[in-house]
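Asker: Sequence:
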Amino acid sequence: MNRTLDRLRFSFRFAYKNIIHFKLRSILLIVTFIALFSSLMLGISTKPFIQAYFYGELEERYQDIDLTMATTLNGNLRYFSITQLKNYEDPEDFIEDYMPFFEMDALIGVGDTKVYVKTMASSLSAFNKVSNGSTIESVELNGELVFITSSMAESYDLSVGDSLTLYVGSSNHIYQIAEIIEDGGLFRDGTIFINKSENLSFFLSALNPALGSLPSSLMENIYNKVYFELSDGVTVLEAVETIQSISPYDTLSFEESIDVAALNQLINRSVSVFNLVILIVILAVLLVMQTTFLLYYDEKRKSFAVISLLGGKKRFSYSVILIEMIIFIFISTVLSVLLSNFVIKLGLRYIGSTSGYQLNRESILLSVIVASFLFIFTSLYYFYYFNKHSSISQTVESVADKKPRILFLAGIVMLSLVGYGILNLNVVTDRANGDQAITKALISIILLFSIAFLLIELSSRLTGIKEKALSFSLHLKILLSKKSFYQYTAVLLVCFVSIFLLVLTNEHMKYRINSYHEEYTLDFGLTNFVTRYDQTFLEIGEMEQVESVSKAGLFANVSFAEMDKSLNQVISIDAVEIDNFFNLPIDQSSLSSLSRTDVLTILLPTKFQYIYNLQIGDSILLNISPEFPEESFEIGGFFEKQIGDLAFINLHLFPIYQDISYNSLLINAADSPIFLRDLLIDSYSKNLVYLIDFQELITDNANEMKRTTEYMTIILSVIILCFILAIFNHSILLLGQMKSVYARLNVLGYSKNQLTKLILKESLMMFVILLFSATISFVMLSAQLRGLVIISGDYENIYFRESSLIYGWSIILVVFIFTKYFYLRGVSVIDASSVLKSY
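580 is the number of the first residue of the sequence shown in the working numbering; add one for each residue after it.
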């Protein structure tokens, strides 16, 4: 036992002395590992972070609320009674608590400004349960007082004691601000709260004057939304089934506070392309990490050989390596966690988010496990290779044992190109076929390395033909004899392609956001009609400020009966009217199918065709409204859309659906949208008609995508910086192997200027070859990204863009010049006599 401990202590001391003695190498390794570990952790944690970001927003909003029951614009009810819920026997079996509210979107007047706000009306105790968590009891809310959010007060410069006017229908009411409440829970942004018992008659009389005269006792239990906190162990599905068994509530809508399926759909829609590119980049990081391990072992080769010649066992050598690597990995992991958390915090601050996120244990543990596995795999490979050679042969300078042969490389290039061409034939493959997308991607990676090394080999042969180029050819051949040169070249190739992919992803997301804006030419929608629908349509059609108006059925959050998916918007509209409000590439045959009167028809985004393998003529079931929970639609066509959240149906052509098929008006402004918006609000808010500003809605959604894109751009930029550090480290290691060569050339009469020119010529040739190879590989790989995204379960119409090449070339040029600059600085300070003395 003591003997084993002595050996272990000696191994630790030996490893420690190695780390201290070779300070530069140790620092370079730690810096490289920090860069690679940070890239790995940031890449692995991207999806968990995005999930935590969206989940955190919902959890902060809903707090203890698990389920919401409410009326819906897709139905005919506008309010209901909670009497049956109060009288239900043993509600505590499935409900811990419930908070009923009467909520409306209404106009408020602040000075000369009129804006829509969400009006919440209930008891003060219910308000305390759904707001920011603070309890407000000191204020006695009467019918003249109102609470507003702090963000609203800041936006309109309001203070406690100020007045605002609430417009509901043709009525209005002046309120005094009693409290300004910090945003939190459901009470946030443009929201106000009033006492329900004091104000419900005001709301109901606006809906129907006859309702305003009802006794207050009858209106006490009238609400239009109830928030539920479920009992422990009760699922949302069980609670919904129980509540729906109570007769008045079976036609209401139920919404889970955190709908996991819908949230995952939103997350995938936001970062599907980034996830794919980050996966590719992670694979690149692993390759760079593996080459770093190999370089490290190659530097240790002579030490292993000397220990073996002196009688030391290979087990001792391996234990020293293991201890050194554990120290490096431990230090790098700790610093990488700190750096990654700092980058995440910086990214959140940059996009203006107040969310907090720390790397979770799973991401850290997975990164360490992956790195450890790579280390063990590389160790076994290296020691197997080491044992195949004698210890004496290992003490000489390392050279590449087998140089890639030109004919062999040329054969790989030709076979890869032929295979890629065959797969591109229409008779063989579908362009979005997932399996072949993987095959083509692998071929493009093979071509990345084979083209580069083939051209380098050819250059070393061809440049030696001319007498003047002999020195250049000799220098190139010496480089080709170094193992570290191949690993350095591989790292450069991987870095170049990764930069191209990161730039393409960023360009695609910008294009996606801009296209999302351009897809909607629709300005406004009027909805929530109770009466005067046809009359309003005729009146708006005669306004000179209106370019076009159309009747439509607007249905929100429509779910599929047979798929765990939903559509944000489904619109029932005449096919000939679609072009007036949307800029979408819908072909004529699809538009014609939407005019059929013999079958319900739907036009879906292209993503449903590729992800769910749906075809024209297939049937799907949609939950249009509580009255029509499973209506069958035949697919009449598909159309390309940046975010597949919209569909068109012909529900309005069937009399059976006349009560719900037309519930909205779509409107385009002829000149000034702002002027028309104010005109519509002034003209129709008194009828409790709600105006939807689609351009504002699209801008909000685009800003959310933009925030996600900006955060991901920061992460990807950090990963690029980590790649640069890895390249820098490999160039330093390559310089270490080339020092003796440069020293000998210097002794033979080559001046530092001549050496610099020689290296610059080699660098220029290498840059052109590597850039050419990386460009070809990138162009081929980018053509497969859509198919690869489909395999991951989402759809993005991402493709090659010339602008990505231009920006990518620029970044690559800067990276290459930066690393070569330090390489040349290292060459310029070589002391030939000192270097040669060490050999």
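In short, the hints are calculated from the structure, not lab data.
Glycine is no exception: its CB is placed at the ideal position from the N, C-alpha and C atoms.
Hints are supplied without guarantee of correctness; some may be wrong.
[Claimed, not checked] Label pairs and their in silico Cβ distance ranges:
# : residue 1 : residue 2 : range
1 : 1000      : 1168      : 29 to 35 Å
2 : 1117      : 1097      : 29 to 35 Å
3 : 1155      : 666       : 21 to 27 Å
4 : 762       : 996       : 34 to 40 Å
5 : 834       : 1234      : 45 to 51 Å
Asker: Hint by hint, note whether the structure agrees.
Answerer: Structure-based check of all given hints:
1. 1000 / 1168: 29 to 35 Å: With Cβ atoms ~32 Å apart, the hint holds.
2. 1117 / 1097: 29 to 35 Å: 31 Å, holds
3. 1155 / 666: 21 to 27 Å: 52 Å, violated
4. 762 / 996: 34 to 40 Å: Because 59 Å falls outside the window, the suggested range is violated.
5. 834 / 1234: 45 to 51 Å: 30 Å, violated
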